[in-house]
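Novice: Listed below, chain by chain, are the residues.
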Amino acid sequence: QKEVEQDPGPLSVPEGAIVSLNCTYSNSAFQYFMWYRQYSRKGPELLMYTYSSGNKEDGRFTAQVDKSSKYISLFIRDSQPSDSATYLCAMSGDNAGNMLTFGGGTRLMVKP
Amino acid sequence: ETGVTQTPRHLVMGMTNKKSLKCEQHLGHNAMYWYKQSAKKPLELMFVYNFKEQTENNSVPSRFSPECPNSSHLFLHLHTLQPEDSALYLCASSTPGGSYEKLFFGSGTQLSVL
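Protein chains in written order, with the working numbering: chain E, 1 to 112; chain R, 113 to 226.
Derived by calculation from the structure, the hints in this document are not laboratory data.
Using N, Cα and C, we set each Cβ at its ideal position, and we do this for glycine too.
Hints are supplied without guarantee of correctness; some may be wrong.
Stated by the list, open to error - If you only want the chain R side, here are some residues facing chain E, beta carbon under 7 angstroms, derived: (1) L157; (2) F163; (3) L202; (4) G218; (5) G220; (6) S224.
Next up, chain E with everything else stripped away, as it sits in the complex:
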């Protein structure tokens, strides 16, 4: 079993839709949870991060963490064609210097 599971997609939605991207994980020591966005032919860029459980909102993006279920989500409201990219979840433990563990990424396509 992979430490972090993420549906590879592709996920295709019409412009304006609400998008839900998810990851599950098995390591209960994970405390920091991140979402990276990767456009084609580019490196990943940090989009959102949260610590422990709860929600965090930034514009059209909301990150949710449910540690009891070992499940994290990224919601995109009013999706735009410019949101078309691969979304990678990543997480790490609470100790300084812990390396990130990445999911495999979900490819999202938002059609005009």
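Using the hints provided, position chain R relative to the given structure of chain E.
Specialist: What follows is chain R alone, placed relative to chain E:
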């Protein structure tokens, strides 16, 4: 532009060639990383340098040889690679010491081994 520059962007090499990938960061960070990204697989951490000292070597074959002459530059020397080494090689940097690593990635070198 993220402040992390990788060259070349694309590289095609034969199995007997020797080549090097270069990474430069202009963010004042002290930690630099090499990651491998293969199709439909999670990012694989290869090497980590903190203040020019190698702190992680994630069981990478010796045909990959990193070099970090200073905190701003990182190289990955390649020799006698295999076709399965074809992938996107990403360099990243961060400021170490926190409880999580906020990574800044370059655009990567797309490597094809023939």
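Novice: Run every hint past the structure and note whether it holds.
Specialist: Results of checking the hints against the structure:
1. L157: Hint on R:L157: holds, closest Cβ of chain E at ~6 angstroms, below 7 angstroms.
2. F163: For R:F163, the interface hint is violated, since the closest Cβ of chain E sits about 13 angstroms away, which is over 7 angstroms.
3. L202: Since chain E brings a Cβ to about 5 angstroms from R:L202, closer than 7 angstroms, the hint holds.
4. G218: At 5 angstroms from the nearest chain E Cβ, R:G218 passes the 7 angstroms test, so the hint holds.
5. G220: Interface hint status for R:G220: holds (5 angstroms vs cutoff 7 angstroms).
6. S224: Since the shortest Cβ distance to chain E is 14 angstroms, the answer is violated.
The structure fails to meet hints 2 and 6 from the earlier list, while all remaining hints are met.
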